[in-house]
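Student: Put chain E on the given structure of chain P with help from the hints.
The residues making up each chain are set out below.
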Amino acid sequence: MKLISKTILYFLTVSIPVLMLAALISYFTIKRTVNENLNEVIWNKKRKAEAQIDLFKRPQNFCLSFDSMATIAIDTTNGKGYKYSYLFKTDSDGENVLYWELKSYYKSRGTNYLIKITEPKFETDDLIENLLEMFLITFVFLVLGFFMINWIVSKTLFKPFYKTLKQVEEYDISSNTLDLGKTSTKEFKQLNEVILKMTNKVHADFAAQKEFTENASHEIQTPLAVIINKLENLIQTEGLNEQHFAAIQAVYESAIRLSKLNNSLLLLTKIDNSQYIQKELVDLKSVIEKYLGVYEDIIKEKGIKLIATLNETVKISMNPFLAETLISNLLSNSIKHNIQNGEIKITLTLKELNITNTGSFNTLDTSALFKRFKKGNPSSESLGLGLSIIKKIAGSNNMVIDYKIEENRHIISLQF
Amino acid sequence: MKILVIEDEAELRKSIKEYLYNEGYVVESASDFLKASEKTSVYEYDCVLVDITLPHGSGLDIIKKLKKTNSEAGVIIISAKNSLDDKITGLEYGADDYITKPFHLPELNARIKALLRRKNFEGNDDIKVNDLTINTQSKSVLLNKEDLNLTQKEFDLLLFFVANKNKVITKEAIAERLWGDGVDNMDSYDFIYTHIKNLRKKIIDKKGFDAIKTVYAMGYKFIIE
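Line by line, the protein sequences are chains P and E.
When we follow my numbering, the leftmost residue of the first sequence carries the number 12, and every step to the right adds one.
When we follow my numbering, the leftmost residue of the second sequence carries the number 39, and every step to the right adds one.
Extracted from the complex, chain P is given alone in its bound form:
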């Protein structure tokens, strides 16, 4: 919910009950005042009537007004005191009008009189209606005013805040460019300072980590290069026998494996560190075709039947290097874990890439397969990092990866 909507919501939740309470209080206050006034008027008239009675020379009935709203009558019931009551009368328009009537007894010179004073009563319905109307109008104006204030506030007062928000949203950790602008508001100034401090720290950490992983890799690759190249010179020596060659080959192979392992781990770390964030529209079909070309001989050598159905225009926004790594790993997996004279089926559609291949093993814990160093075949020479690289790349590009085995076939699918 937007900040503005939220403030309006809070405003409404507070202002509606407050206005209602105000209306209620006003209603009762006005009602009481009006009733007090009415009673006063009636009481005055009653006092006047009593003064009139005191002037009577003999007992008589008397009309105080032309419309017989106030009358004096001789009472024979010997009543005492006074009593108020409601009364409905039909007026000239045929409408029932509410009246407030005072019946009061008064004794003068041995005669008991009944004084009746009737006054039209202010109607409560009308009062409520009027009040409601008044408060509704007030409310509408309040809300309108509030919207206006909010609009002005967000356009001016909150402008630096929204600018900061946009900048932070577009923040790129590798370039660390953040133009937060100037503001005279203390809180926003503070916010910008904190954000700037944070991003600078994050950027510095990121750069340090990047440098560390690259330096570490550099430091490891150099001695490996020494081992590999020394051996490549050593094998040129005359007079080496088979035993020598076997030993050298073992060292040589291990050094190369170590180097590949180092490269793979570096790749995983780099993806984790978002160092491959530069994206381009990658034509997946051409990447697949490129690597099918690279593996052509190996596929032929294994006698594998290849069925590739590649949709023409599947363009995916991702880092081109990662796209190539993803495809080469997927394809090499399907070849490596295949059987002699097996089959690979590659289907590329706009929604997914599906690679189905005959496999050399049929029972596999698929959930553990994506973990690092987990190998389908423990005796194999592979590093066990291929699938975790695939998973990492897929994950960092919001692709859904699924792996299953059905009828001796390994099916790996990537949904874009």
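Be careful, since some hints might not be right.
Unchecked claim - Example chain P residues on the side facing chain E (calculated, C-beta under 8 Å, incomplete): (1) 57; (2) 225; (3) 233; (4) 237; (5) 241; (6) 257; (7) 270; (8) 271; (9) 306; (10) 351.
Source of the hints: derived by calculation from the structure; they are not laboratory data.
Glycine residues also receive a C-beta, built at the ideal position from the N, C-alpha and C atoms.
Tutor: Same frame as chain P, but now just chain E:
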């Protein structure tokens, strides 16, 4: 042919020097930026191998200097960083090639040869070895005046062998030469065998000298008659 090896790691420098020396090159070396800039400013080289990260400076600056003085030397970057950005930057600075550590010495040698060939012979580049005549432009191989009809892979393989003649070349180096990074993911290099077998067969069928010998466990060797 004179080659300068600029590399701070002493043992690596020695290995490269040894391999190239046996190939018949005059090889000099420099261990840091200052020595390297001194040598490049005084002497002319046909080829300079340069590491990017050097003590006292960057290899890229040496390339820049070489290009500024219109040096004829071919430049190959030797880098520990296998990053596309570095590769692009290096080539923009005017380097001719880029090789990532760890590399195979036969690979480095083949690249130097290809670079020197490009620089020195512009077009007329027949390589004669044993009874074979290889034309790198038309990618054709003549044996006793007959075309050998090699596939692309077989041609590349032969060229790699010829560049490293009389040297033991490992299966791994061959695989990487012919298939690039793609083979990094493969477990075995058995598929190389088929190509070598086919190449040998084509040469033998045309009554050529069978120069490719198997070296136990390690790889192969192309011998000169």
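Student: Now tell me, hint by hint, if it's right for this structure.
Tutor: Hint-by-hint comparison with the structure:
no.	hint	result
1	57	violated, 104 Å
2	225	holds, 6 Å
3	233	holds, 5 Å
4	237	holds, 4 Å
5	241	holds, 6 Å
6	257	holds, 5 Å
7	270	holds, 5 Å
8	271	holds, 6 Å
9	306	holds, 6 Å
10	351	violated, 11 Å
In summary, the numbered hints that this structure violates are 1 and 10.
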